[in-house]
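On the provided structure of chain U, position chain Y as indicated by the hints.
Sequence order for the protein chains is U and Y.
When you read off a place in the first sequence, starting at 1, and then add 2, the result is the number in this note's numbering.
When you read off a place in the second sequence, starting at 1, and then add 7, the result is the number in this note's numbering.
Residues of chain U clear of chain Y, computed beta-carbon distances all greater than 12 Å:
1. A39
2. G40
3. D41
4. R50
5. P59
6. G65
7. N70
8. G71
9. A76
10. D116
11. R120
12. R137
13. G155
14. E187
15. G210
Stretch by stretch, here's where chain Y covers chain U in the computed footprint (C-beta under 8 Å, at least three residues):
16. 103–111
17. 125–134
Hints are computed from structural coordinates only; laboratory data are not their basis.
For glycine and all other residues, C-beta sits at the position ideal for the given N, C-alpha and C.
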Amino acid sequence: MRHVDRVERFVLVSFALVLSACAKVHCFHVDSQTLCAGDEVRLRWAARGLVRLEASPEHPVAGAKRSNGEERVALDRTTLFTLAARSPFRRDFREIEVVVAPPAEGYGEAATCDAEQRQISTHFTLRDTVSAGPRIELLRNELDRPLVVDKDGHSVRLAAGEESPSLRGAPVTGAWTLTSPLAPEETCDEALESIGEYLQITVDMGCGS
Amino acid sequence: MPGIQGIETIVVLMLENRSFDNVLGHLRHPSYGNRSEVDGLVDPNDTTAYDNFYNRRRYKPFGTADEELRTDLPHERDTIAEQLDVKNGRPTMRGFVRSYVNATGNVVQKPPPMGFITPKWLPVTGFLAEHYLVCNRWFSPLPTGTQPNRAMAFTGCSLIDDNVKGFIPCRDLVFDWLERKNVRWRVYHHGFPFFMLFSGSLDHVLSDRFRSIRYLAPDMQSEPLDQTPQVIFIEPEYADSPVHFGFTPNDNHPPLAMGPGEVLLREVYEALTRNPEKWKRTMLIVTYDEHGGYFDHVKPPAIRTDPPQGAQYKGGAFEHLGVRVPTLIVSPWVAPRSVHDGLFDHTSILQLLAEQFGGGADDYSSEVTARRAKGIRSASEVIDLSAPRTDVPQAPLGVIRTTSYVASGAHGPVNDDQSAFVAAARSVRAHDQRRALDKYPELAHLPD
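Only chain U is shown next, with the shape it has when bound in the complex:
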């Protein structure tokens, strides 16, 4: 019996050593990277080795963790989460910073040109980058050309450099379409080059009272 115990123990220790020798973070995700103070965010991870979640600034969620897991945490300030996996021979980590109530964020995507419609445009949906909390305070067009912003069916026209409170209170999440008309005589190629191929919008954010 004692011999069997020893064999089992040897196998277990060897197995644990092999596992920990290959420490690796396979994935580390949050479901929102921008949110309002008090909003919850879900952290999910899968790793191998001795796993620890660190937070800066400190947060009660930090500490030793199982290899695979998830936790929901409420944040009141911007926090950098680091998931670290350790073994005697290797260390691996992933970092995700969750931003709480930033004054503004910019969003954009590569544009395409419609020669018949004589416009350049792009469309994107913000869902996993922003939680439902942050609201639009102001839209700012920082491009050197006019921009039509369509957000969930509501449209705003902004001249170059112009800002507008038209969509104040609407959530930042949702479907965005950015369009810019071609100037007379302007070609698609010239229009796309003028914006460095990407259309973008700056959103001043608020989290309500």
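For chain Y alone, kept in the frame of chain U given last:
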């Protein structure tokens, strides 16, 4: 080229893995250098031109201290293609953050590739930029990693399009060309020189032409003019080297901070300027092999590089030059606080050698001549004075912040370049153990 004939010694110091904007971008920023003639960064909040995007979110360049990073940045052929983010045939330079996140999984507000180092952390680089010449448009030759770009610099072409784990295949090292032209040359190295990684280099790296960096200053001080090398290559201590013995890595390769590299720059400058008679005949080129994954805002020109005969490219021809790198020309033959807007890459050095020691800029190789025909100029064009300056500005003497460093390969190679260093070092040891250990004592610490 008014003064090029007055230059008798060309010194090349090629460091590792920094973009122009990472190191010199601050020179244009209104809060720092405010030098509009330098093609660095304006305030990133005043332009959308630098904006990078990941998951639709925008990221701008930001000023940073010279800090050791937690990881290296991606800089292989495929990840650099992601960084250039070519659309409609034009690099947008908007994919640096995406490449970083895809490679590391790290999503932070200030992704390291977008950092530009503020001037107080780079006192020697800043000093050289202030008193000598900045090249505004010096690019790495190929949008790929270290080995192909160093092959371009020191052989004129690259038979590989990404790093390899063993010897770097090449036709003809710059040393072979120099010897055919009866040019005196020497390499001053710290630990293992990078030249060791090139196939056919073993006898060179074991020869007397490879000398410890510790001899640079005394040689410059005391060696007679007619025995001073006409071409000097200075090899830093490489972070990718498997063994460090007596030297801290100072090649500026991330995750290493630049403090040790700043100390190296100061030591080299002080050694070269120690003897005024030699200094007035000297041109020091400080450059970087490639950008190392750091953002740069200048789009690399569309200059195509076809695979040369016998090449082992996995990805076909390169359609653009690589990302722009910081390059300083330090010589009494350039005006203080000057810039040059000519188009250069590392083969510009080979054109310069051919002009100085051969039959003209086209006398290096057919590949270098082909690049010249596509617009790559000779480095001789930066020489803009007809007589050498007599002032020798004093390098800053203050303490330079350095950080301790543990090689990432401490538990074995983690990338192809580290594997190549290990393989080359073992080959040198096997080639001639006595000479090898005599010249590179760190070989005694290299695991079998």
